[in-house]
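Protein chains: 2
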Amino acid sequence: MRINYKRELEDAARTMILVHKPNTLIRLILRMIVRKVRVEHAGILLYEKSRDCFIVTITRGQVGSKIPAGLVRLDKNSPIIRFFNDSNNIALLERGVLLLSKINTLLSDREFFAGKEDLEKLIIAIKFQMKSFDTVVCVPAYYRDNLLGILMLGEKVNKKTFKKEELDFFNALANDVAMALRNAFLFEDLQLEIERNKKLFLETTMALSAAIDAKDHYTRGHTTRVTEYSLAICKHIVAEDSKKFDAKFLDNLHVASLLHDVGKIGVPEAILNKKGELTDEERKKINEHVVIGAMILEPIKALDEVILGVKYHHERYDGNGYPEGLKGEAIPFIASIISVADSYDAMTTDRPYRSAFTKEQAMVEIERCCGTQFHPHLVRIMAALYKRGEL
Amino acid sequence: MRINYKRELEDAARTMILVHKPNTLIRLILRMIVRKVRVEHAGILLYEKSRDCFIVTITRGQVGSKIPAGLVRLDKNSPIIRFFNDSNNIALLERGVLLLSKINTLLSDREFFAGKEDLEKLIIAIKFQMKSFDTVVCVPAYYRDNLLGILMLGEKVNKKTFKKEELDFFNALANDVAMALRNAFLFEDLQLEIERNKKLFLETTMALSAAIDAKDHYTRGHTTRVTEYSLAICKHIVAEDSKKFDAKFLDNLHVASLLHDVGKIGVPEAILNKKGELTDEERKKINEHVVIGAMILEPIKALDEVILGVKYHHERYDGNGYPEGLKGEAIPFIASIISVADSYDAMTTDRPYRSAFTKEQAMVEIERCCGTQFHPHLVRIMAALYKRGEL
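Chains D and L, in that order, give the protein sequences.
In terms of our numbering, the first sequence opens at residue 171 and continues consecutively.
In terms of our numbering, the second sequence opens at residue 171 and continues consecutively.
Treat the hints with caution; some may be incorrect.
Heads up, the list lumps identical chains together, so a pair's fine if it works in one copy or across two of them.
Simulated pairs of lysine-lysine, DSSO-like, Cα-Cα distance not exceeding 27 angstroms [to be verified]:
1. K414 with K455
2. K385 with K272
3. K444 with K455
4. K301 with K557
5. K369 with K206
6. K191 with K330
7. K385 with K454
8. K329 with K219
9. K333 with K368
10. K557 with K333
11. K291 with K369
12. K418 with K326
13. K206 with K444
14. K333 with K272
15. K206 with K414
16. K557 with K368
17. K246 with K445
18. K219 with K454
19. K497 with K191
20. K418 with K219
21. K330 with K301
22. K471 with K219
23. K333 with K455
24. K413 with K219
25. K444 with K272
Simulated from the structure, these hints should not be mistaken for laboratory data.
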């Protein structure tokens with residue numbers, strides 16, 4: 171069956187633009203070449219910025235004959251790279267492509283290299299390199315004037331020579347690949363930046379909330395543990411029903427758990443660290459931390475849902491909590507999750523006035539307060555997590 | 171001159187993939203169409219997700235004849251949109267394109283719409299719509315099965331009918347445009363997310379540092395002002411020599427300024443808010459805030475340079491500062507900037523033991539301490555900012 175290369179090329183270009191993972195893109199292209207042109211193997215030597223060299227990352231083709239991925243690493247002084255980085259060598263290409271057969275023809279021509287001994291040496295070195303890779307065609311891919319990569323192909327399965335239209339196809343394809351790769355790399359950069367920023371935000375929030383934690387001598391590590399429990403609860407709910415929450419909710423719960431006690435920064439140290447029993451007045455001051463926390467975060471629009479978690483994590487399911495005495499489902503669910511996580515951690519750590527409960531004792535207490543202090547659904551989840559040893 | 175549409179298309183597709191601003195991309199395409207095919211005007215009706223309708227955002231062509239951008243807004247029930255959203259209507263297209271001339275031919279054929287009154291009504295409505303836009307060709311652009319936009323063209327400048335190869339060109343182009351647009355929109359989404367995350371990080375850091383500020387009754391608003399001064403200094407330096415700092419330094423300075431006093435959270439309130447003179451012991455405790463601040467942030471790798479600013483912003487140029495007595499250029503420059511900004515704000519606000527200096531008095535003091543407390547380069551910048559009324 172004859173192949174319409176123009177058509178293949180257009181289809182490929184359109185598909186490529188939407189593949190934003192460089193490795194996936196390369197795999198796609200190599201697979202297409204191996205299948206459509208029926209070559210024994212194909213690989214791409216790709217420029218890697220961080221190491222300033224060209225590496226074969228991905229190869230396709232018959233086992234045994236293909237170039238071993240990861241093993242081939244060529245620096246800028248490597249013959250094949252030097253060749254393609256010098257625009258004077260364009261004249262030696264056949265339709266934009268370097269052919270082993272062409273190299274052999276040139277080398278057998280005694281006249282050709284007269285007075286060009288350096289070039290002859292380079293070409294001999296390239297011949298050696300191509301043979302060692304079992305490669306008969308090299309197609310350079312440039313973006314503007316920069317060599318991004320080199321497509322390296324083995325022989326055709328039927329051992330015939332490449333047709334002109336096939337060489338044109340490789341050449342045009344290499345250009346499209348260069349564009350698509352550049353696009354994919356830019357995409358990857360943006361995605362990495364998003365991940366880095368997210369990590370930075372969480373780490374900074376964690377560091378600052380840990381510092382605030384440290385003000386209250388009895389709660390060292392409290393924030394980290396509450397965050398762990400909250401996320402475990404949420405993930406368990408999502409595992410039961412993946413449509414219950416989106417990724418945004420999990421992110422918000424994460425941040426809200428980290429910041430749930432941020433308002434303690436507004437409570438006098440003398441009260442936070444008091445050894446004896448608290449007066450009503452002092453208790454009231456401590457309870458204010460939920461409202462202070464919400465006030466601190468209030469200017470930040472993107473934290474709307476987080477603020478609900480901070481403000482209402484001391485509400486009770488029966489309506490006897492603070493600051494507003496919200497009841498049942500009127501309590502934002504993000505706050506209900508933090509509430510049970512917060513209480514579990516308070517129970518299982520030492521306090522000035524009592525020793526820590528065991529996990530078992532804490533779970534008995536949480537089940538006793540099902541529907542009064544805690545949301546029944548969340549008590550069920552806590553029991554399940556406890557049973558599986560995840561608390 | 172005859173135009174090689176295939177060639178134009180390939181070039182366009184390659185350029186398009188690297189244009190990541192949707193509006194720039196559309197402008198590029200419309201300009202190309204208007205110039206190459208010589209139509210009187212061209213516009214794109216583009217689907218806008220947030221408003222769930224199609225809007226003409228950008229148009230190109232002769233003044234007067236072009237479709238007014240921003241004025242045309244079509245919802246899903248609009249005839250032209252309904253037409254292209256129904257795959258049964260493909261049969262009415264000419265090489266994938268809707269032509270006003272074809273509509274006229276159909277409407278003059280009494281047989282054609284027999285028993286298809288709804289379709290006839292729709293076609294009449296489309297004719298009216300196209301005429302009101304002065305449009306003779308509509309080219310739909312789909313991504314998968316979703317209509318992303320419609321290219322709308324006026325007559326050719328030479329008033330001739332469109333050739334088959336021109337229609338094919340529009341049709342192929344619309345497909346490429348759909349892909350490129352989809353790519354550009356994804357890019358835009360990622361970039362917006364990066365901006366949102368960055369804003370969230372800065373806002374949260376600012377809120378938390380303001381809360382820590384509030385612990386020290388005499389420094390309300392201090393952090394915000396120091397940040398303002400630091401950034402003004404840095405921008406002034408960059409204006410003089412754009413290669414002096416990169417964007418990353420400005421970001422780090424921003425965060426370091428916000429967090430420079432974060433260590434105060436570790437200093438007892440009783441000392442921070444003491445009215446009388448401080449004992450040596452108390453002074454030492456307060457001075458510890460720079461080291462405590464660095465310790466709080468230490469686990470965060472991405473904040474390496476920020477930590478330098480926090481830790482060393484009380485060093486002096488002559489080596490008599492704390493915590494390490496670093497001298498001159500050995501003090502990280504980020505810390506030297508915060509140092510002078512911090513001191514200027516301290517001088518120009520009321521303290522328990524003295525009233526605020528005027529700006530003029532503060533500048534005299536800063537210049538007096540040039541080369542002893544402050545970096546001479548920064549004193550020069552402060553003087554320049556003061557003269558221009560930017561302090």
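A quick look at each hint next to the structure:
| no. | hint | verdict |
| --- | --- | --- |
| 1 | K414 with K455 | neither (36 angstroms within a copy, 50 angstroms between copies) |
| 2 | K385 with K272 | neither (76 angstroms within a copy, 78 angstroms between copies) |
| 3 | K444 with K455 | both (13 angstroms within a copy, 22 angstroms between copies) |
| 4 | K301 with K557 | neither (62 angstroms within a copy, 71 angstroms between copies) |
| 5 | K369 with K206 | neither (43 angstroms within a copy, 49 angstroms between copies) |
| 6 | K191 with K330 | neither (34 angstroms within a copy, 46 angstroms between copies) |
| 7 | K385 with K454 | both (18 angstroms within a copy, 19 angstroms between copies) |
| 8 | K329 with K219 | neither (36 angstroms within a copy, 53 angstroms between copies) |
| 9 | K333 with K368 | neither (51 angstroms within a copy, 53 angstroms between copies) |
| 10 | K557 with K333 | neither (67 angstroms within a copy, 74 angstroms between copies) |
| 11 | K291 with K369 | neither (51 angstroms within a copy, 57 angstroms between copies) |
| 12 | K418 with K326 | neither (51 angstroms within a copy, 50 angstroms between copies) |
| 13 | K206 with K444 | neither (78 angstroms within a copy, 81 angstroms between copies) |
| 14 | K333 with K272 | within (14 angstroms within a copy, 43 angstroms between copies) |
| 15 | K206 with K414 | neither (45 angstroms within a copy, 53 angstroms between copies) |
| 16 | K557 with K368 | neither (33 angstroms within a copy, 40 angstroms between copies) |
| 17 | K246 with K445 | neither (69 angstroms within a copy, 68 angstroms between copies) |
| 18 | K219 with K454 | neither (59 angstroms within a copy, 48 angstroms between copies) |
| 19 | K497 with K191 | neither (48 angstroms within a copy, 48 angstroms between copies) |
| 20 | K418 with K219 | between (33 angstroms within a copy, 20 angstroms between copies) |
| 21 | K330 with K301 | within (17 angstroms within a copy, 58 angstroms between copies) |
| 22 | K471 with K219 | between (39 angstroms within a copy, 22 angstroms between copies) |
| 23 | K333 with K455 | neither (85 angstroms within a copy, 81 angstroms between copies) |
| 24 | K413 with K219 | between (41 angstroms within a copy, 22 angstroms between copies) |
| 25 | K444 with K272 | neither (88 angstroms within a copy, 87 angstroms between copies) |
Of the numbered hints stated above, those contradicted by the structure are hints 1, 2, 4, 5, 6, 8, 9, 10, 11, 12, 13, 15, 16, 17, 18, 19, 23, 25, listed in ascending order.
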